[in-house]
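As you go down the protein sequences, you meet chains A and B in turn.
Using my numbering, the first residue of the first sequence is number 1, and each one after it goes up by one.
Using my numbering, the first residue of the second sequence is number 1001, and each one after it goes up by one.
Quick caveat, the hints were computed from the structure, so don't treat them as lab data.
Take the hints with a grain of salt, since some may be wrong.
[Said to hold, decoys possible] The list that follows gives simulated cross-link-like pairs (lysine-lysine, DSS-like), each with its CA atoms no further than 30 Å apart:
1. A:Lys160 with A:Lys223
2. A:Lys170 with A:Lys208
3. A:Lys171 with A:Lys223
4. B:Lys1103 with A:Lys386
5. A:Lys160 with A:Lys170
6. B:Lys1103 with A:Lys405
7. A:Lys116 with A:Lys405
8. A:Lys171 with B:Lys1103
9. A:Lys354 with A:Lys405
[To be verified] Quick list of the computed label-pair ranges, beta carbon to beta carbon:
10. B:Arg1097 with A:Val394: 34 to 40 Å
11. B:Val1042 with A:Glu399: 42 to 48 Å
12. B:Ala1033 with A:Phe393: 14 to 20 Å
13. B:Val1042 with A:Gln233: 43 to 49 Å
14. B:Ala1033 with A:Pro187: 29 to 35 Å
15. A:Met120 with B:Gly1095: 52 to 58 Å
16. B:Ala1034 with A:Ala406: 20 to 26 Å
17. A:Asp352 with B:Gly1029: 25 to 31 Å
18. A:Gly56 with B:Asp1050: 20 to 26 Å
19. B:Glu1039 with A:Thr109: 57 to 63 Å
20. A:Gln233 with B:Arg1097: 27 to 33 Å
All residues carry an ideal CB built from backbone N, CA and C; glycine is no exception.
In case you want the letters, here they are:
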Amino acid sequence: MSTMTRRRFGLLTGTGAAMLAMPTVLRAQERPRVVVVGGGAGGATAAKYIARDSRGAIEVTLIDAGERFTTCFFSNLYLGGYRDLNSITHSYDDLVAKYGITKVTGMATAVDRTAKTVTMADGATIPYDRLVLSPGIELIWDSVPGYSQEAAEIAPHAWKAGPQTELLKKKLDALSDGENIVMVAPPNPYRCPPGPYERVSMMAHVLKARGDKGSKIFVIDPKEQFSKQALFQEGWDRHYPGMVEWYGPDVHGGIKMVDAAAGTVETDLDTFEGALLNIIPAQRAGAIAQAAGVADEKGFCPIDPASMRSAMDEAVFVIGDACVGGDMPKSAFSANSQAKVAAMNARADLTDAKAFPARYSNTCWSLIETDDGVKVGAQYAPQDGKIASVEGFVSQLGENADLRKATYEESVGWYDGIIADMFG
Amino acid sequence: MVFCNIGRALAASFTAMLVFTVASPARAGDATAASQVEEAVVRTLLLDADPAYGEYLGGECVTCHRTSGASGGVPPIAGLPAGYTVRALSEYKFGLRDNNVMKLMATRLADDEVAALAAYFAQIRKD
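Model the full structure from these sequences, guided by the hints.
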């Protein structure tokens, strides 16, 4: 891309005489502008890397609805009582102070890809030369019959961290011994593949730690199998015998109706009752990606695997949960990895920076019980039109306690690392 | 005659290695890995390292390893001497160090990439 940029720059300098005749204010403009929508693992990383590595040559604006950002990753550990909410909530202050990023707090509601502007909910427009969309996911409420945004105030999804996570914790902590939990797990593809099952582990940990003997956790899953399944099921049997019951679609036969107020999940097999329902519906790319017209019919955004550029618009990059990530799972680690490829290519488009070949990596850690951590990871490269897995690993069944503890400690180190990488 | 002597000596030592290999395969495996590490370290340190390329590749490292050099769960790598980083990565690559994330990372790195990373992390200052 740097070759193209130089060529383009050459064309521009050819118009030097005309530029001299322009008013000073116009000539003083204009550092190239990158606008990043979404300030999570993808967006914060992209904004930081573009601003930092271009050393002021590119004007970077980061748009996010929140003043601060609560990470969805490690929110299960908050649920389990291992972290407080403050420890997973982070400020954008360093991005502004250290790298000169402009942080805009508000909702981006539309993108005019012809005029190259982002429109905010208050009507303001922000122009861009390159746009990075990292909006995360949007929940498809009606993918679960009977569920809705209103019902989520009773039966939280907690799949976007913040008030929903607090609500789920409050309800979990308020359960009496003998009261059950019913989780409806999401269909593929969704944010954080091992997330629902780590959450089950953390909820079981809370029940076990306070000595509840009579409560059960029912997991109603639309998938026939799930991430790290053998590891989770081994862990549940070992740490929480008899507490967790997982039902795949061949057993429950389909979810017919959720009644949040009544606390029931009706399936073909049976009606499951819970004092706490945790309903995680199907997902698609965040609303701004749909509004920008860069999502496909399945609701996610196809990209060029060599650059993270939208398949529908060369001036737009889509990263993180919102993109079609090929073999990469929708995780914070993936989003952070994709952000670096997008940042590099955006810089190469707009300055004389060099673009190296894309490479991606991911590791997902999960906690099953105190000091019992497991992980799955892989390296990826662009191949056959998608981001393809090159090589990977997964924790083994029956690993010794020292290794599992080291894996958990590594995950804590990773959390501090990625937070420093995103916000520091 | 001189050549013959060297030839005989080489043949003798080769026979000894074969006996050693058959007698204790695990230790022989370690010995092979150790010599692969030594060769890789020498080969890599002789390369012209490109820290700018290392900075790009290091994007994969700093998701876990903080550039401030702070540790906790994940060891610090910022500011380490290049020779140390080259050796550590080579040991992961050839199985003398055991962490599946690092093995995966190291296995995929070519010599020039290891050299670039080592040069980059050696030059970054701890904040």
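Here is what the structure says about each hint:
1. With a CA separation close to 21 Å, the supplied pair A:Lys160 and A:Lys223 stays within the 30 Å bound.
2. Straight-line distance between C-alpha atoms of A:Lys170 and A:Lys208 comes to about 17 Å, which keeps the hinted pair within the 30 Å bound.
3. Between the alpha carbons of A:Lys171 and A:Lys223 the distance comes to roughly 26 Å, so the proposed pair stays at or under 30 Å and holds.
4. Simply put, B:Lys1103 and A:Lys386 have alpha-carbon atoms about 24 Å apart, close enough for the 30 Å limit, and the pair holds.
5. Restraint check for A:Lys160 and A:Lys170: the C-alpha separation of about 16 Å stays at or below 30 Å, so the hint holds.
6. The hinted pair formed by B:Lys1103 and A:Lys405 meets the criterion: a straight-line CA distance of about 19 Å does not exceed 30 Å.
7. Restraint check for A:Lys116 and A:Lys405: not satisfied, since their Cα atoms lie roughly 49 Å apart, outside the 30 Å limit.
8. For the given pair, A:Lys171 sits about 42 Å from B:Lys1103 by alpha-carbon distance, which is inconsistent with the 30 Å threshold.
9. Annotation: proposed proximity of A:Lys354 to A:Lys405 is violated, straight-line Cα distance about 41 Å (limit 30 Å).
10. Evaluation of the 34 to 40 Å hint for B:Arg1097 and A:Val394 yields a failure: the beta carbon distance comes to about 19 Å.
11. Judged by the Cβ atoms, the range 42 to 48 Å given for B:Val1042 and A:Glu399 is violated: they are separated by roughly 35 Å.
12. At roughly 19 Å, the beta-carbon separation of B:Ala1033 and A:Phe393 lies within the given 14 to 20 Å, and the hint holds.
13. In this structure the supplied range 43 to 49 Å holds for B:Val1042 paired with A:Gln233, their Cβ-Cβ distance being about 48 Å.
14. Distance hint for B:Ala1033 and A:Pro187: a CB-CB separation of about 45 Å, inconsistent with the stated range 29 to 35 Å.
15. Look at A:Met120 against B:Gly1095: about 54 Å separates their beta carbons, and that is inside 52 to 58 Å.
16. Between B:Ala1034 and A:Ala406 the beta carbons are some 24 Å apart, a value that agrees with the proposed interval 20 to 26 Å.
17. Between A:Asp352 and B:Gly1029, the C-beta spacing of about 48 Å breaks the proposed range 25 to 31 Å.
18. Distance hint check: the CB atoms of A:Gly56 and B:Asp1050 are about 24 Å apart, consistent with the given range 20 to 26 Å.
19. Taking 57 to 63 Å as the suggested C-beta distance range, the pair B:Glu1039 and A:Thr109 conforms, at roughly 59 Å.
20. A C-beta distance of roughly 31 Å is found between A:Gln233 and B:Arg1097, which places it inside the suggested range of 27 to 33 Å.
Violated hints for the displayed structure, listed by number in ascending order: 7, 8, 9, 10, 11, 14 and 17.
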